[in-house]
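**Student:** Build the full structure now, drawing on both the sequences and the hints.
Number of protein chains: 2
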Amino acid sequence: MSELDNLTSPSIFIGRQGEDDIISFGSGQPDLPPPKEATEGINIRQDLRYGLIQGEYELRYALSREYPRSTAENFIITNGASEGLDLIFRAIGKGKVLLPKPYYYSYPHIIRLAGMESVYTELNEGRIDLDDFRKKIDECTAVLINSPSNPTGRIESIETLKEIEDITSRKKIYVISDEVYKDLIYERENYHIQGDQVITVNSFSKTYAMCGVRVGYLWSSDQSIVDKAIEIKTHTSMNTNLVGQDMALRAMKAPKEYIVAQQNIWRERRDLIYKGLCDLGLDLWKPEGAFYVLPRVDRPREFLWRLYKKYHVITYLGEWFGAPDRIRLSYALDKKDIEEGLNRIDLALKNI
Amino acid sequence: MSELDNLTSPSIFIGRQGEDDIISFGSGQPDLPPPKEATEGINIRQDLRYGLIQGEYELRYALSREYPRSTAENFIITNGASEGLDLIFRAIGKGKVLLPKPYYYSYPHIIRLAGMESVYTELNEGRIDLDDFRKKIDECTAVLINSPSNPTGRIESIETLKEIEDITSRKKIYVISDEVYKDLIYERENYHIQGDQVITVNSFSKTYAMCGVRVGYLWSSDQSIVDKAIEIKTHTSMNTNLVGQDMALRAMKAPKEYIVAQQNIWRERRDLIYKGLCDLGLDLWKPEGAFYVLPRVDRPREFLWRLYKKYHVITYLGEWFGAPDRIRLSYALDKKDIEEGLNRIDLALKNI
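Residue numbers (my numbering), protein chains in the order written: chain R, 1 to 352; chain H, 1 to 352.
I should point out that these hints are in silico values taken from the structure, not numbers from a laboratory. Cβ atoms here follow ideal geometry from the backbone N, Cα and C, with glycine treated the same way. Careful: at least some of the hints might be erroneous.
Partner residues are not named here, just some residues of chain R that face chain H (Cβ under 8 angstroms, in silico) [what the hints assert, rightly or not]:
| hint | residue |
| --- | --- |
| 1 | Arg45 |
| 2 | Arg49 |
| 3 | Gly51 |
| 4 | Leu52 |
| 5 | Asp86 |
| 6 | Arg90 |
| 7 | His109 |
| 8 | Gly115 |
| 9 | Cys211 |
| 10 | Gly212 |
| 11 | Val213 |
| 12 | Arg214 |
| 13 | Met238 |
| 14 | Leu242 |
**Tutor:** So, in structure tokens, the structure goes:
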């Protein structure tokens with residue numbers, strides 16, 4: 001089965017995810033529409049000249065109202081959270097990064113591309129193991145956390161986040177907190193991790209269902225990090241596209257009911273897929289945020305490939321996310337499709 | 001005059017360029033409108049989902065029709081030419097880059113950020129000195145050329161470009177050709193530098209006056225470079241914003257008369273500023289493309305600062321571009337403003 005050797009990244013599924021007979025638990029993007037406010041009244045001919053590298057003032061000001069003790073100067077508007085992370089690690093530029101594992105599949109690459117090195121701490125039941133964290137943090141310049149997490153769907157407890165604030169503050173270690181799923185928590189309000197050493201990355205992609213628009217941002221109270229990141233962005237991409245910034249600012253004006261309504265839809269889907277997979281006898285963590293499950297399966301490569309070729313179900317390999325004994329399913333699809341997908345997985349499991 | 005110590009980058013002028021009494025020869029962006037085709041009929045609600053990292057197929061296909069012996073696979077759509085360059089140098093990742101001097105001010109930074117080192121070859125009358133080029137090329141992995149050039153406004157002769165093709169092809173050295181001003185040549189048609197080792201970077205910003213939209217592209221016939229750049233972009237920014245790609249594709253459908261009409265306007269402005277500065281006794285090269293002049297002046301820092309504070313004229317320091325005895329003027333403003341600016345420069349020169 002040499003085809004299995006090609007299972008190196010999600011790109012093997014490119015072009016197939018939208019096909020009729022395919023049920024895709026692959027790509028992690030909302031299938032729901034953005035708020036109507038995001039696109040109403042945009043005049044794209046206004047947005048054609050260079051903007052500030054740091055991002056449009058109005059958008060940064062609006063964000064500062066949502067972050068405690070912030071001003072517009074603490075933010076940079078980026079090409080999605082991806083560029084935010086890339087700028088941060090390039091700005092730090094050397095040393096080791098403590099990375100909880102499983103991790104979002106781009107993290108080790110972004111860290112390596114910036115000339116830094118990943119040190120892994122294995123999650124325990126999908127959550128940070130503070131004992132292991134404490135053992136490894138001393139050799140690191142930074143730690144990268146992601147709560148709610150892609151691919152585990154888990155959130156860290158507020159106690160853990162406060163403990164991380166405390167440890168890293170005392171040791172002067174950067175905390176890079178990727179919070180792109182902060183508005184997709186089922187269990188509690190988001191907790192803004194804080195401190196002089198904290199750098200937050202966020203995005204409009206998931207909260208407002210506008211992934212292709214590519215607008216994210218980073219926040220830091222450390223002016224030297226903000227300045228270095230702006231300097232790098234000046235040379236490597238200049239301003240983030242202005243139409244997208246315009247849409248982001250308008251999306252923020254949507255009523256909070258939009259976000260609540262989204263959360264309710266995601267929670268229903270989460271309940272459906274979690275119960276469905278448990279009923280099939282799979283071992284998995286219950287997602288508390290984001291929209292991913294990461295069940296353990298036997299021989300994941302073979303299983304994923306058979307699911308795809310024989311049952312036309314797309315899933316992602318856990319090994320891309322540092323979880324070699326699992327597969328990842330995104331439940332960003334409607335309940336009817338989730339049910340059909342569960343039926344096919346049932347068949348596949350029965351016919352091993 | 002300690003204020004002169006702050007003259008470290010164009011950012012000192014941020015927020016001033018649009019003010020009433022200011023004549024700005026600073027920022028390098030067209031003041032002319034984009035073709036109406038660029039923005040007509042766009043439905044931004046169609047462009048909200050993730051796109052291909054490499055860029056939308058239709059846009060890449062349209063570009064391939066303009067490049068000899070190309071297919072859509074040879075292109076990556078990027079966040080402006082800046083990201084194109086950043087991806088290329090990160091994909092190459094080590095070694096030295098031969099860089100003609102004066103240079104676009106981001107080049108040394110992009111090269112350094114990618115972990116590479118710049119080796120300079122001084123331009124002769126604003127053009128590549130092939131003798132010096134030959135002496136220094138052997139220690140280099142790549143050469144970065146920019147014709148028409150920002151900041152010199154000069155173009156390389158077709159003979160020089162063919163000689164560079166020949167040298168680099170024999171020695172297997174990458175040629176990165178930044179051609180963002182290729183449609184702004186006053187003297188001849190653009191010559192597409194070619195070869196297996198050539199990587200071209202381009203943009204819709206200058207040709208179609210849509211800088212803030214941030215859509216550029218890179219072209220290479222070397223599949224391994226294209227693949228590596230896509231891999232890096234997957235982790236560091238994902239797809240380029242889709243509304244911008246949509247606008248770029250529509251702009252390409254504008255009649256060629258749009259580009260010709262723009263060239264005529266730029267040529268008139270070039271004639272005006274070139275003659276004007278010569279008449280003031282300044283020593284400068286005649287621009288053959290782009291929209292910059294780079295006159296030599298005495299004590300450039302003091303002169304630039306006095307021009308700005310006393311005469312409200314913005315210019316950029318040559319030293320930001322590797323030309324410490326010069327200042328750069330962009331003539332992306334209408335003839336009336338160019339004339340007013342020339343009058344003020346005249347006064348400033350007389351009152352030294």
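**Student:** Compare the structure with the hints numbered earlier in the document and write down the numbers of the violated ones, lowest to highest.
**Tutor:** Of the numbered hints, all hold.
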